[in-house]
Amino acid sequence: MAEQTALADIRSEDGGKPDAAVVRDALGVGVAVGLSGFAFGVTSAGSGLSLLQTCALSLLVFTGASQFALVGALAAGGNPLAAAAGAFFLGVRNAFYGLRLSQLLALPRAVRPFAAQWVIDETTAVALAQPTRRSVRIGFTVTGLSLYVLWNLTTLIGAVGAQAIGDTDAWGLDAAGPAVFLALLAPMLKTAAERAVAGIAVLLGLGLLPVLPAGVPVLVAALAAPTVLYVEGRRMRTSACDATSAHDTRREAR
Amino acid sequence: MNIWIAIAATAVGCYAVKLIGLLVPAGVLERPLVRRLAALLPVALLAALTAQQTFADGRTLVLDAKAAGLAAAAVALVLRAPFLLVVAAAVVVTAGVRAMAG
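Chains D and F, in that order, give the protein sequences.
This note's numbering numbers the first residue of the first sequence as 1 and each following residue consecutively.
This note's numbering numbers the first residue of the second sequence as 1 and each following residue consecutively.
Certain hints may be false.
If you want the footprint, here are the derived chain D segments under chain F, 3+ residues with CB under 8 Å [said to hold, decoys possible]:
1) 25 to 39
2) 51 to 62
3) 165 to 179
4) 193 to 206
5) 218 to 226
Derived by calculation from the structure, the hints in this document are not laboratory data.
A quick note: this is a predicted structure, and the numbers were derived from the prediction, not measured.
C-beta atoms are modelled at their ideal positions from N, C-alpha and C, and glycine is treated no differently.
So that you can see chain F by itself, here it is in the shape it has in the complex (with noise of 0.2 Å):
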């Protein structure tokens, strides 16, 4: 029931933001300082759950064989790969990692 609450919040947050960005007149958010933490916002976010999900198991800090997959994935960007390719390229590593190790 908890994870149906999660959903149907983030499913209506999520509409309402797009919806929102749509309908609202250009100007009310268009204050360089709103524009600008909007823009930083996702950067700390999505560098923030990159980090976690790579090097924690829970509440714990760990280092496995995602770690390597990440690593992948960082080569695969800077080679400029499509986006599948970058994701395909950490998850072949770290079953690779982890077949070898286990």
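Extracted from the complex, chain D is given alone in its bound form (with noise of 0.2 Å):
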């Protein structure tokens, strides 16, 4: 099916993607993410944790947002599994993301936990806006590649950098997490229920903060979402029930 609309979308429109266009796509949000590292490698550095461990962050969990949640959870002084929990709650989106990649990819199954690493947001956006399958993948390891490349590197710079300036705190450098993940939460508030989501989620954060351990609030502000979408399915359901009187007749009888 895929395979049929990606032979399809080569015939038409202007006979494809050339890959070279592909590439530069990829390259561009590669690198733009990329040096962002520098941004954890700082963020992590400058909240206590060592070369080897921030180092170890990057390489082995390579999702921006877990790493930055993470580390601010640990610099709060909170319990290392709550703050886990609250960085792999962060990670979840990543396994639907692999779910719309694998149909896409189609990649042999022996090669697919390799390329599970690189299932992120950017790799994602960049595969998903692809015409065809061969750029679909272009796309995918290009960006993965030289995004993974890149921040890591700059991982181990800003660590560096940030052991060698001393007081990050002076330079500003304590702003890049929260404006990391504000520049990642923008895009998605699009709707009513959305924001409803984060305004719910800001209350909860700020007002359990000063009576509940560290880590902890963050964890209750994620209800938000499961809220939302109860309030929004009652809703739906009440006007689904005035549309059919059959049915709403019966609900009331309940």
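Using the hints, put the two standalone chains together into the complex.
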């Protein structure tokens, strides 16, 4: 099915997308985001993690938001498992990217464990924007490779630099973490439901901060998502019932 | 040692969810409710983390130069600035406000 669409795309439009154009787009994303590993290296080292710990995170976790969340929670004195739980929940979205990508990439099973580490926001964004399977694979690989190499290189440079300059707060580098979160969050705030989730999460996260142990308020704030989903579901059910009176009466009888 | 435990748990967990996405047959995670929750969960976490890392120092709420830095980042985002520029704006403005205040 995907193969057919891909073939159709090659024939239609402007004869598909040239490989060079795909590589250029992929490198644009990979280089721009890869360079922000510098901000992570600085933040992590500024939060008190060692050079080895900082680099291990970029090499092994390789999903920016989770890494920032983990070092932020550890810096705030959070329990290591609560900190890891917050970072993990942020990484869960990658499972859904993988789901989309596995159909588009159609990788052999043996290759998948190696490709998995590169399944992140940016590689998915680039891959999904491609018209053919060939360009999907090129886009994914070039974005993944350039981003992975640069992210780890700039993490190292950032961590070494942070240790060299000492007080990273004086340079305003402690603002890099929240700015990265805001930049990741902004494109997600499209509908009223998403804005409601964000608003409730901010209130929970800040309101519970003084009363709960470090790291826990973020996890409680995550409950804003199912809460809004529940309210949304109820509202949709109610409006569906208004539309069909038969269902309405049955429901009211309950 | 505690930090290494947190790193190991995060690394294993984050790799596992990436791999699951590539391995499970389509349909298992395709239920609308699951998809919707997966889309909203990062929104909640990122919003809470942004707020905490801007307005908290340990377990006390504070209002300092980082708030100005985050506002600068927000302006950069509204102006559709590239990712790196957004982060740079936050850092430069925060440092600037601190330099002027200190």
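Verification of the hints:
no., hint, result
1, 25 to 39, "holds (count 5)"
2, 51 to 62, "holds (count 6)"
3, 165 to 179, "holds (count 11)"
4, 193 to 206, "holds (count 11)"
5, 218 to 226, "holds (count 7)"
In summary, this structure violates none of the numbered hints.
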